[in-house]
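Student: One letter stands for each residue in the lines below.
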Amino acid sequence: MRASLALAWVTLKEGLRERAFLGIMIFAFLLLLASGAIADLSIGNVIKVTQDLGLATVSFTVLLLAFFMGTHLMAKDLDKRSIYMVLSKPIGRSHYIFGKYGGLTALVGLSTLLVSLFMLVTTFYFYKTTRLYTPPHVAWFKLMVASGFIFLEASLILAVSLFFSSFTSSALLALFLTLAVYIVGQSTHQVMEFVQGPLGKRTSPVVKALAKVAYYVFPDLSLLDLKTAAVHDLPMPPGDLLKAFLYTLIYISFLLIAASLIFKRREMK
Amino acid sequence: MEQPAIEIEDLTKHYKKGVKKKIVALEGLNLEIHQGEIFGFVGPNGAGKSTTIKLMMGLLFPTRGRAAIMGTEAHLPRARREVGYLPENPSFYDHLTGEEFLLFAGSLVGMKGKELKERTQELLDLVGLAHARKMGIRKYSKGMMQRLGIAQALIGNPRLIVMDEPMSGLDPLGRAEMVRLILGLKEQGKTVFFSSHILHDVETICDRVGILVKGRLTYLGSPSQLAESPWWVLRLEGNHQEILRKAGFPRVVLMGHLTQVEVPPQDLWEALERIRTLGLTLYSLERKRLSLEDIFVKEVKSEG
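Protein sequences, first through last, are from chains A and H.
Position 172, counted from 1, in the first sequence is what my numbering calls 303; the numbers after and before it change by one each time, with no gaps.
Position 61, counted from 1, in the second sequence is what my numbering calls 67; the numbers after and before it change by one each time, with no gaps.
Keep in mind that the hints are not guaranteed to be accurate.
[Said to hold, decoys possible] As a list, the in silico EDC-like pairs of lysine to aspartate or glutamate whose alpha-carbon atoms are at most 20 Å apart: (1) A:207 to H:94; (2) A:400 to H:33; (3) H:28 to A:398.
Treat the hints as calculated values from the structure; they're not laboratory data.
Work out the full structure, taking the sequences as your base and the hints as a guide.
Tutor: Below, the structure written as structure tokens:
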């Protein structure tokens with residue numbers, strides 16, 4: 132446990148000192164600053180557009196970090212062989228996986244917190260300074276919940292990237308595979324709804340079976356997308372939120388256990 | 007009987023190349039390293055030295071056979087409680103400082119608090135990096151990295167230190183420092199196992215050496231045993247190459263102002279008699295000593 136914590140701490144430090152991290156964060160802050168100006172150009176409700184852009188920026192930044200750091204930091208360890216120094220100590224390989232995941236999650240969590248806070252500050256600023264015919268409405272708490280679920284989604288993506296990194300040394304391959312899972316995970320729910328709906332009656336049983344397999348194997352990321360509900364102040368039933376939270380937790384646990392089992396047998400050539 | 011520091015039995019490692027081909031990295035290695043000795047593992051590039059070390063450290067898994075560290079199977083994490091490992095060309099988390107890395111390495115071996123801080127400081131002083139403890143590792147020179155690697159290997163005060171090519175890339179001064187450090191470890195009663203291709207250092211500091219060629223151990227013994235040769239070396243003042251060759255001496259070379267003749271032990275008296283008859287003056291007579299380099303080259307050549 133202590134070894135995993137030490138590794139998590141070092142991973143967090145490494146991540147924070149990466150130039151890419153700094154670059155992505157600066158980009159996010161600039162994008163959030165510009166969101167008011169961009170929203171001004173829109174015809175609709177400026178505040179709603181600001182929130183939309185703000186949440187999109189949080190999501191984009193945090194996912195970008197998850198994709199990049201998740202695949203890059205472990206591949207770097209393997210490529211530069213700094214992993215030898217760690218695995219030659221009296222720790223199990225699973226400690227390495229859990230420690231690395233802990234550090235990366237802390238890094239992504241910290242960036243979610245910073246970018247979300249900045250998003251709330253900019254939204255508040257535009258909320259106070261923009262003059263509209265109809266008084267704007269902002270569901271502050273739901274915005275925070277949506278940000279929290281973006282973090283959950285990024286945590287899941289991190290687990291996926293670590294899973295792939297546990298058997299491939301190529302950061303690029305791990306990145307592509309993670310990206311593929313993300314794309315499939317975004318659409319499995321819709322595909323499943325389609326094949327089970329009235330339009331799906333004409334779909335072949337093979338395609339239906341494949342859609343079902345994909346739905347159960349790949350993570351259902353649509354469960355974690357609360358951006359629209361937050362911006363439009365739609366209901367967020369606590370039961371659904373809890374279900375999505377537990378689903379993500381279980382999925383992450385499975386991925387990390389699988390990654391540990393694979394990594395345990397991996398040879399460090 | 008004392009537990010061996012390292013016990014290797016029939017250790018074999020094959021790598022698959024394609025579907026049918028396999029590469030033999032190590033074949034049936036049997037080796038026992040005693041506690042408190044300095045053992046040098048020599049061999050050309052690709053002989054299987056690093057593979058052996060990685061198998062001992064649980065970084066690779068054997069195709070056949072076993073390795074045990076202080077009585078514990080090498081693949082188990084607890085086997086590494088008693089070992090400090092310095093990989094070849096060590097690489098670190100280069101965004102950390104030297105001190106941060108040592109604190110991290112210490113926490114991996116279960117150290118904490120004051121004990122860890124003190125040990126870190128002690129090791130930084132020992133390896134001469136106290137002045138650079140707050141410096142980012144990416145700014146470290148090759149020699150500094152090697153020294154930091156040694157420090158992290160020693161952090162848990164292990165009884166066995168395994169080093170893969172610790173002298174590689176070091177300048178003569180750095181090598182001398184490394185030799186001093188290894189000898190210091192032996193004085194503390196620690197066992198040191200290291201691989202090297204710098205034969206002079208191995209010859210100087212090792213209690214025993216093993217020569218590995220193409221994955222097979224071709225020699226195991228003390229460097230002095232290895233260097234012993236039954237041949238005699240006779241040195242004569244002046245250049246007498248022609249005369250001596252004509253007199254039937256096959257091994258004659260000119261070394262500065264001396265002519266050197268090598269003779270097998272059974273011919274020694276006859277050779278001395280012939281030299282006396284030729285009217286030549288004997289400068290010195292001594293037993294020939296082979297350098298580890300000579301033997302190494304011989305072993306490599308004989309393995310084809």
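Student: Give a verdict on every hint.
Tutor: Hint check:
no. : hint          : in the structure
1   : A:207 to H:94 : 17 Å, holds
2   : A:400 to H:33 : 17 Å, holds
3   : H:28 to A:398 : 16 Å, holds
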